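First to last, the protein sequences are chains A and B. When we follow our numbering, the leftmost residue of the first sequence carries the number 1, and every step to the right adds one. When we follow our numbering, the leftmost residue of the second sequence carries the number 1, and every step to the right adds one.
In short, the hints are calculated from the structure, not lab data. There's no promise every hint is true.
Said to hold, decoys possible - Capping the alpha-carbon separation at 30 Å, the derived lysine-lysine pairs in BS3-like fashion look like this: (1) A:Lys161 / B:Lys255; (2) B:Lys249 / A:Lys161; (3) B:Lys166 / B:Lys256.
Here the structure is a predicted model, which is why all the values come from computation and not from measurement.
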Amino acid sequence: MRNSISWVLWLITTMAILLATRHPIYLVILLSELLLVGNKIAKYQGISSWAVNNLRFLMTMVLLSTVINAFFTHVGSTIVFRLPENWVLIGGNITLESIIYGLINGLVIGSMYITFNITNLALNTKQITGLIPRAFHPIAMTVTVALTFFPSIQQRAREIKEAQMIRGNPMKHISDWLPLFVPLLVTSLENAFQLSESMTARGFHTKYQPHRQEYALMGLIIATFVIFSAWLLRLYNYPKTTSIILYAIGAFLLIAILYKTSQRTQITRYHQETWGRKDILPSVLLGLIIIGWVMLRIVEQGPDLAYTPYPTFSLPSIQFAGILLSLVPLLPILFIDHD
Amino acid sequence: MKNRIASFSFDLIIFLLGFLSLLSPFFFQQARNPGINSSTFPVIVSIILLLCITLVVFEAQSSHLDTKMIALLGVLVAINSGLRFLENAIPGPAGFSPIFFLIIIVGYFFGSKMGFLIGALTLFVSSLITGGVGPWLPGQMITAGWVGQSSALLAPINTLIRIKDKPIEIIILAIFGALWGLLYGVIMNLWFWPFLAASPQLMWTQTAHLIENIQRYFAYYLATSVIWDITRAIGNFLVITVMGAPVIKIFNRFKKRFSFEHTQRTHS
Numbered sequence: 001m002r003n004s005i006s007w008v009l010w011l012i013t014t015m016a017i018l019l020a021t022r023h024p025i026y027l028v029i030l031l032s033e034l035l036l037v038g039n040k041i042a043k044y045q046g047i048s049s050w051a052v053n054n055l056r057f058l059m060t061m062v063l064l065s066t067v068i069n070a071f072f073t074h075v076g077s078t079i080v081f082r083l084p085e086n087w088v089l090i091g092g093n094i095t096l097e098s099i100i101y102g103l104i105n106g107l108v109i110g111s112m113y114i115t116f117n118i119t120n121l122a123l124n125t126k127q128i129t130g131l132i133p134r135a136f137h138p139i140a141m142t143v144t145v146a147l148t149f150f151p152s153i154q155q156r157a158r159e160i161k162e163a164q165m166i167r168g169n170p171m172k173h174i175s176d177w178l179p180l181f182v183p184l185l186v187t188s189l190e191n192a193f194q195l196s197e198s199m200t201a202r203g204f205h206t207k208y209q210p211h212r213q214e215y216a217l218m219g220l221i222i223a224t225f226v227i228f229s230a231w232l233l234r235l236y237n238y239p240k241t242t243s244i245i246l247y248a249i250g251a252f253l254l255i256a257i258l259y260k261t262s263q264r265t266q267i268t269r270y271h272q273e274t275w276g277r278k279d280i281l282p283s284v285l286l287g288l289i290i291i292g293w294v295m296l297r298i299v300e301q302g303p304d305l306a307y308t309p310y311p312t313f314s315l316p317s318i319q320f321a322g323i324l325l326s327l328v329p330l331l332p333i334l335f336i337d338h339d
Numbered sequence: 001m002k003n004r005i006a007s008f009s010f011d012l013i014i015f016l017l018g019f020l021s022l023l024s025p026f027f028f029q030q031a032r033n034p035g036i037n038s039s040t041f042p043v044i045v046s047i048i049l050l051l052c053i054t055l056v057v058f059e060a061q062s063s064h065l066d067t068k069m070i071a072l073l074g075v076l077v078a079i080n081s082g083l084r085f086l087e088n089a090i091p092g093p094a095g096f097s098p099i100f101f102l103i104i105i106v107g108y109f110f111g112s113k114m115g116f117l118i119g120a121l122t123l124f125v126s127s128l129i130t131g132g133v134g135p136w137l138p139g140q141m142i143t144a145g146w147v148g149q150s151s152a153l154l155a156p157i158n159t160l161i162r163i164k165d166k167p168i169e170i171i172i173l174a175i176f177g178a179l180w181g182l183l184y185g186v187i188m189n190l191w192f193w194p195f196l197a198a199s200p201q202l203m204w205t206q207t208a209h210l211i212e213n214i215q216r217y218f219a220y221y222l223a224t225s226v227i228w229d230i231t232r233a234i235g236n237f238l239v240i241t242v243m244g245a246p247v248i249k250i251f252n253r254f255k256k257r258f259s260f261e262h263t264q265r266t267h268s
């Protein structure tokens, strides 16, 4: 599984499941799978301490979230200890329920972070920038320029810093960084000037049609407002179907405009992404899961992944469908290729 | 002039749309319904913010980005991403980030579109480099974009009160940077507020009025991030005070060089 689209589908599915659940058992299953998938990719890429670093972050998040929730939430019936009522914000009962809720919150946040971390690990920078629609060609070009210049700017910064330190600049205070930043900025702007001249000389960005862009922009504004209205109507308990229809119209409009604008932009891709069997199969599976998930949510069916420890702690119930759904993020482990 | 008013109105509408989405729990009672909203709120708000970024970027690339601006912006984003990389590699005081000074100066000097683009793209490019792409990214991008966009408002004000090229100009920019140091945290916390804070004292209440909910948010803000934001505000103030004037001087020098035009000559 190497294709960026496959990974985006995996990301969407995993995030949808993560955001829908506060169930500690499903979360622990999800988290173990994420660590397995991430560790396998990291191992192939020769990164040794990936799991340890992520576990460290996860522990920090769980600890922070538990402490914040325990000390600021005084809801729940199982009192662990009490703090004086006159202590601002933290005074009151510290309950088992608030500790558990904080812990679950920490697990969700940590899992979300690890999910994105795995996507960052699986996709290289070129693949991520390749995901920018062609309609945003000038912006994608700017991002590419920035990414291309980044290593040379870093190298230049190191050289200037060394030169400054040889001259006795201690580089300790903010004002000591000025002799580094000024030459760095000046030389970089010189580079930008040369680059813009050569881009102009090569005829970059000359086939530009502003009137067509104005229509596209108007369409994008309408699509955004349609999606925003769908959300507002849902907030005010208008029929769900109205919101769903509006969401669909907004999304269709958005995709159609970006597709049409992209068609007008001609670019050359030197390294096309390929679709192997190990990309197609998981993509189809994940696509079907997403469609099924959305359909079930619309008809308000499907496994109940919710759990709350409030008001009195009780053990969470487990559903087979819930376990099955939490196994979905493990899918890439079957399809990961070793370079 | 007509174009300027149209462009300003467009920016204002998109800003209001994004800001209103973030502030919706304060104004819309149903948006405070934790039963239907606490887990989906960050996702929907992130999507709306992403759409707002899309609109501003699309408009800016149609009206502003020629080859000169692409090259200039690309290089400035690379420098600023380097500063963020530095921040990750050598952690300074908690919350301090050196990226805001260049965003503010660029917005102030080159205008609101360039300010927005350097803010949003710095966060995007640096997250690609540091592997920090996540659901928080649209919020970070749009807020950093607003930092640059709003600093453009200072330019006509400073011209009007005749303080351009005087030391007070830098002090005003530094105070502006310090304010944004705090505001950045206040805004960034908004989209995550319902997700993290499950406490009745810290979370919004559906039946409470606006002031009470602001008090609850303020309590949440005090509990989670005020120290970080104060450090960021002080950092912004100091960096702009020290670096602001020389950087503006350099931009002044290069502005003339970057104003070349190319004309197509037709052969008869």
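Hints versus structure:
1. Distance restraint check for Lys161 of chain A and Lys255 of chain B: the Cα-Cα separation of roughly 27 Å lies within the 30 Å cut-off, and the hinted pair is therefore satisfied.
2. For the suggested pair Lys249 of chain B and Lys161 of chain A, the alpha carbons sit about 22 Å apart, so the restraint of at most 30 Å is met.
3. Only pairs whose Cα atoms come within 30 Å are accepted, and Lys166 of chain B paired with Lys256 of chain B is accepted, the gap being roughly 21 Å.
Figure legend: structure checked against the earlier numbered hints; every hint is met.
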